[in-house]
Amino acid sequence: MVPIPYYLALGGIIFLIGAVGVLTRRNIMIILMSIELMLNAVNLTLIAFSRAHGNLTGQVFAIFVIAVAAAEAAVGLALIISINRRRATLNVDEINLLKW
Amino acid sequence: MTNALGFSVLSITAYVPIVGAILIMFLFSRQRPLAIKWFAFGVSLISLFFSLFMIPYFEPSNVQMQFVERAEWIPSIGVQYFFGIDGISLPLIILTTLLSSVAVLCSFSNIGERQKEYYVSLLILETGMLGVFMALDVFLFYVFWEVMLVPMYFLIGIWGGQRKLYAAIKFFLYTLFGSVFILLGFLALYFLNANPAYGSGEFTFNLLELYRMAPRLPENFQFWIFLALFVGFAIKVPLFPLHTWLPDAHVEAPTAGSVILAGVLLKMGTYGFVRFSLPLLPKASFNLVPFISLLAIIGIIYGALVAMAQKDIKKLVAYSSVSHLGFVMLGIFALNSQGLLGALLQNLNHGLSTGALFLIVGILYERRHTRMIADYGGLSSVMPVFTVVFAIAMFSSIGLPGLNGFVGEFLILLGVFQTSTVYAAFAVTGIVLGAGYMLWLFQRMMFGPVTHEENRNLRDMNRREVAYMLPILVLMFWIGIYPKPYLEIMEPSVKNLIQHVELARGTPESLSAQASEALRQHQYLTTEWSR
Amino acid sequence: MEWPFFLIFAVGMIASSVMVISLRNMVHSALSLLLSFFFVAALYVMLGAEFLAAIQILIYAGAIMMLYVFVIMLVNVREQMGVRQWNRQRAFAFIIGGLLAAEFLVILLTGFFDLLPPARVVAEGAKATAEIGNTEAFGSVLYTQFLFPFEVVSLLLLAAMIGAIVLAKREIK
Amino acid sequence: MPLVLAFPALGVLVNGFLGRYIGRKAHWPAIISTGLSLGLSLFFLYQAVFRGLSGEVRLFEWIAAPSFLAEVAFLLDPLSAVMLFVVTGVGFVIHVYSAGYMRGDPGYSRYFAYLNLFMFSMLLLILANNYLLMFVGWEGVGLCSYLLIGFWYHKKSAADAGKKAFIMNRIGDASFLLGLFLIFQTFGTLNYAGVFSQAGAAVPGSAIAGAATAITLLLFVGAVGKSAQLPLYTWLPDAMEGPTPVSALIHAATMVTAGVYMVARSNALYLLSPVSMSVVALVGALTAIFAASIALVQNDIKKVLAYSTVSQLGYMFLALGVGAFGAGIFHLMTHAFFKGLLFLGAGSVIHALHSDPEEGRRQDLRYMGGLRRHLPLTAITFYVGALAIAGIPPFAGFFSKDEILAETFKGGHYFLYALGIITAFMTAFYMFRLIYLAFYGKPRGDPHVVSHVHESPAVMTVPLVILAVLALVGGWVGIPQMNLFHDYLAPVFPDGGHAGIQLVAASAGSESGGFGALELWLAVFSVAVGVSGWMLARHMYRKRPDLPAKVADRFRGVYRLLLNKYWVDEIYHAVFVRPSMRLAHLCSSIDTKGVDGAVNGASWGTVGLSKLSGIFDLKTVDGAVNGIAVILINSARGLRRLQTGVVQNYALVMLLGIFITVSLFLLLG
Amino acid sequence: MPLKLPDINLFAIMPEIAMTVLVCLVLLVDLFVPQRRKALLGLLTLFGVVVTGLLTLPLIGMEADLFSDMYRVDSFAIFFKFIFLAITALTVLISMRYLSIEEIHLGEYYALVLFSVIGMMVMAGGSDLLTIYIGLELLSIPIYMLVGFMKRDLLSQEGGIKYFLLGAFSSGIILYGIALAYGITGTTNLAAMHAAFGETTGPNILLTLSVIMIVAGFAFKIALVPFHMWAPDAYQGAPTSITAFMSVGTKAAAFAGLLRIFAVAFEGIADQWAILLWLLAVFSMTWGNIAAMVQSNLKRLLAYSSVAHAGYVMMGLVVGSEIGMASVLLYLAVYIFMNMGAFTMVILLCRQNFRGDRVEDFRGLARAHPLAGIGFVIFFLSLAGIPPTAGFVGKFYLFSAAIESGYIWLALIGVLNSVLSVYYYFKIVANMYMAEPAGKVDISTSVPLRLALGLMVAGVLLIGVYPDPLISAAKASVAPFFQGASAIALVP
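First to last, the sequence lines map onto chains A, B, C, D and E. Sequence positions in the first sequence follow my numbering and run 1 to 100. Sequence positions in the second sequence follow my numbering and run 1 to 531. Sequence positions in the third sequence follow my numbering and run 1 to 173. Sequence positions in the fourth sequence follow my numbering and run 1 to 669. Sequence positions in the fifth sequence follow my numbering and run 1 to 492.
Bound-form chain A, shown alone (with noise of 0.2 Å):
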């Protein structure tokens, strides 16, 4: 069988494609997206360790991940819609008007 590792790996870089996401692209859709793909590498993680050791918490874990997502997409994009409605821009580094 693949070693853990390997999964950890493919974890890491997932989770890390997903932060440069974060870091680089203006669409705000696209960074919540990003971020997605950032909490799906950590329930990979999760599961291949709970695979290592032998037991549940990481899947547990990992449910519990995938609610939290869930309500963090739903809360974000519930500001993006408001934010959407007043400014009509997505492109998040012209939201700007705090700075300094």
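Bear in mind the hints are in silico, worked out from the structure with no lab data behind them. Fair warning: this is a prediction, and the values are worked out from it, not measured in the lab.
The calculated lysine-lysine pairs, modelled on DSS-like cross-linking and capped at a C-alpha distance of 30 Å, are: (1) K440(E) to K37(B); (2) K311(B) to K155(D); (3) K311(B) to K156(D).
Quick list of simulated restraints, FRET-style, between CB atoms: (4) A91(C) to N96(A): 11 to 21 Å; (5) A91(C) to A274(E): 27 to 37 Å; (6) P485(B) to F415(D): 49 to 59 Å.
Beta carbons: idealized from backbone N, C-alpha and C, even for Gly.
Fit chains B, C, D and E to the supplied structure of chain A, relying on the hints for placement.
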């Protein structure tokens, strides 16, 4: 460790002003400034009364702390509410209450706006200062030490001169910068004392307990802690080159503020050295004598030179303080009884003479609204009483025999001379320079023809002004002619302190059997302090 | 036998992830994300977490992605495609991301082996999964051992719901 | 004994506080108090002379520090008794004189308050039984001198002179103070009794003897300041800005002799140090001739007298330096009489010329002349004074001056003797020059002024007469054969004032106080010198009034050198005053720009850095609390710029933070 | 398979239950309260908070592991529960009038605040990384929404979205760290993790990565440099009452979680990451204070100041000794009063169409309203750490902890920073007292606001003058973590 009076006379003295301040804050309408003024004055007089009330009950020969009040305050970290005084602090307390009363009285006419806040600040300030001189718990001391900054900040910042904001924040930051080092030093002592290798193994901020650690504390610890305390106290003194806050603060502060600053606040620095640095860190104190003496001498000469070049009266007086406090520091670090005694007396003297000089400047400023020397001249023919008062204050400041300044300076120099002839020789030049700038100032302002038409009709001092100058002048003569009562109050404590320092500077092993026995028997070290 | 599948899924996962963050059209990004969810689910299966794989498809792909698509429908996709997609710090971010990835790989590939020898990991893992890798066990743990967080999460979802409604609903004058 | 002091003190209080109400009658409390003191002094003198009494009175402990005690206590011995007599005597006379001279001055009561304060301080100085109390009096007389010189403070020159006197005195005082410390360190006490008994017991070469040199030199610097010797003499001529009676009392008769008194009092210490003795003698002799040479050409009547005083003080120090302490004190006494007389006479002249609108001309010899006719009494008494100072027997000055010169010669100090003799010649010359210029010849002043000249009132002339009598007979107590004065002082000066002779053992076997052929010839010689000086003056100013101008023209360089007093004042100004003011200004600017700005300066170094991080506001530098604040605020501006408002920048910073820490741990293991 | 239910002790989680009930009650009552009387909801919330407080009282002294070691009730958790309740009560008090002014007086506001508070409580009590994480999310998500609660206000919206994006990002980071920690130990239970660490030997880079990620996540919530950059923006954008709430609440809760993780799971091995915490502390203090010096918006200024304060508190964690931990608790408790007090001042100045959060707006305030001026001065004195205020006691205790363990340099940097902070605090004080007012200075006050201010001033002064009970409580709360370990004296 006695309280000859059955009641908490120290606390009453210290807290009467702040209670008065709170009463003013809540009971007095700002529409009735006159009532506020007189009430504030009354409050300060009550405090003065209590401080004087202590004198007959004070036993000079008893070197232990007197009028002691002690209670647990924050037992979880070993903080006590611990008040007590000895011959070193008593004169300073009286000086404080006296100058506070004077400060209140001298503000009656020159503070026109926001009088309520003004007197509240002044009274809170008094409490802070008194607490500093009474506290025997280092935590408590630190609390008062800092508390006092705030009202002073407001006094300078609200009622000050043109650059008041700058001066106020500079004063605050500068002194706070110093005091945080003190805090670190105190904390280090606290934990070292808690370490059985050095101290009693107990967590306590009780100063007298900490004294007992002095002989056992290794030199390198002492050195670093001394430096920490040094920064804080030296800024307050102020010792060259940490003096630069002083001219700004003194010049911009209102008259009462300057009086208090020069008269009392600066004394806290020297008091700190005497009460904390010397007995707690005797080895470091001894080792650093050349360093501090050098700074003090530079301060004496430098302060005098800078004073000479000033065009602003207040600045001149401010720099003269730098010079005079250099003397005091030199006396303290002569580390012998005469020098220390002289330094403590000079503390008082400087408070009186410089306080008087600032009052004098204030009287003039109130009339002419200028502090430039060039704007005056020939005043002696216009204001004869004022001239006499000014002359006496000036001669007191330059240490003319028969006035108070001389006795202090003499004792200091006597003490210093025994430590080092060279220091004394340099310090003596300060006397010459002091006479120079003061006489020059006096001459430019008071002598010669009246140069400005506006000055021709200046009012002489009125009754109120005479009333607050009079006690100061009387004290100047008294201390100058018959200083014995003052010296008698201080001497036993001073001797005790010096003895402690002398004994505790050696390591216990290196001391002869006799000396180590003496050390064990020593007052500071033997008294049992139950926690 | 598992290696080919792992490689396929892994490469597919990485590819779809890269597509998520690099495509211009956010609808395409969303679809790529969906794709990556499927790959993840497949990897879950390989790791013996079948229940979670199902949840991944149902909740993530089914519910959460629907939310995204709804919102995408609310905004003007075409207009969004016309503007610059990458922000100014992208180069720097890529560099940092790359360096960090290198560090991660070093740590993840060596660190775990340091901790437990690979052989033991594989052996124990196989044994354990056989014992616990079923839905019933999962459910039983969730409702006993993890009862408290489970209840708290319900509060979390409630809060998110209320808040989302307050924020998203139009202002009533 | 304290009563002697108490009377003047009372006078001060009365005039100081009630002066406003007393007004024109202010002289009464002053004169009465001084008179009472005089009475007591005479009583003491009587006691001391005829009963040989002396004693100490302890009033109270003044400064009591650990292992240090200074008492307020008084010592009456022959030396202090005679000083007491001189001071109260001359003081009383001058008080009376002042009542006339100062009449109508707006500061009448203030004047008498100061004068009494001076009396108090001077008596304190004399009566003190320890050095510290002496120092108090020492400073006190300095203060009074300051106050009285600057009495007419509306005159800038007067105020300046006062300040100068005080500061120059302070320089001496500082040294005196150091001397005190050294005394205390060496002997453990400042009491005369303690110090002198230890000093007397010390053997030459011991540690005490070594310290004695340092002590005596330090004390001598103090005396130099107070008694206006080289190089600190310049204040005394300037002090003539004060009222003339003040010049007579303070700057001729009493205060300036305090240095002499102090050195004489410390004879036990000085005797331990040959070096100090020679220094004292040399400084004295040099000052004597130096000041006399200046006096030759001065035109201000008071300035001439002032330089004369400096010169005569030099004589006294010469005496002390050669070990003739008795002679020094003797000269001090006679000098007090005749110089007081001369000053008062000068005051009378000035008083007479009071109507001259130009103040400067009232004292200028060039505008006088022929006053003999208008001021007969003044002229006569002035003659007496001049004869006394010129050393013409039987006037007082002859005895004292001759004794000094004789002792110098006998001590083997031939060079010093030569200086003394030349000085004696000059003295006679300039004194009679003054007389001839002022009292003889034609009036050169404004005729209008001259017509108003009249003799002073009795209150002024009577003191003149009294002093003239004293200047005549005062020296008789010291007639060499009888030696009254020396015997009287013998208890104070261990060897009858001739200790100096011991120093030069080879000196011609003279016995102490003896008067042999040598002495006789020396006396004759010095009288001859005095008379020749007189005659020269007579020749130049009486017979050939055109001669002085020719001489001056002939020796123009020397003349200008002397007229400008060797430019000493200017040199001092350039060498000491101006540099110290410059230093002061330098320090001041350092203080505002430097020390405070040291941190400020550090901030300049960071200017580049600040520019990098954002804006650099020059205004902020000037206004900033200090340099650190500038640095901080500028870095704050820099940090502020990092807060771009773009959320992804923030995220990047976060990730960067993680990256850096992870790298840190990876690299450091 | 028989279902083995965990030990359920409802009594022990009474506070959480009560708060949940309260949320539901608020949401229900909201339906029946007309828009103009929404203040009733505030009163209801206040009442509920007080009741919860009373229900928490019997728990004092309790030490219990609940729900299969998922949750713990101990003095540490209870200390924090009281802190959170105090925060809630004060938040409600300062909100009531303010919400009306900003026209966002909705029942959901109170509900979200309460949700967040429950999250905080869960976090403080969580003895499992999972519980702590869920608590963290429950605490954060309502706050994201509350920050953006003023929907018509661009700044509020912007603050909300920024905070949310970064929050979600950091949530991913912290999760990744937790996942790694789980991978290393095979458990998420803190005590079990500690046991597992006992088996492994030597430092492990994977564990370090995990710790860095977890600390980074918490540092974000606490607002430590360099994870603080959201704070100024979010603080400025958020409704001021929420700024006050989050500035103290989030911080306290995150510290509670971090403290427990470090005190339980990493006990004994935390030293190897001391440098990490040290750097965080030092950078936070310095950066926060320096950046605050040039702020012209008071809320932003206070945001930076809160970054600095987070740095101070971090000192206690760096030290890690008993006094260190106790000082963290003490400081957080003290911090409530002074920091919320300072924000309350902004609320005081806020009027219709006037935010009143610029430093400029405070010119001459003290002259027009002396009492408000004094209050403000007291809060600022406390923030600056000048006695006799609570802030001094807190700082004193922190520095003493640092000195005790020999962290002289840290203490030095700390005290110097507190000197620095005086500059900007007193800049405002100078504005209030020493500057001429630009125009008429109005304040909008109400009974609850006054009550809150009175409570906070009293709190600051009382703790300042008599801190002993609080110090004892803080000490007692952390004592269980240090059983057996004795206090170390200054090591040469």
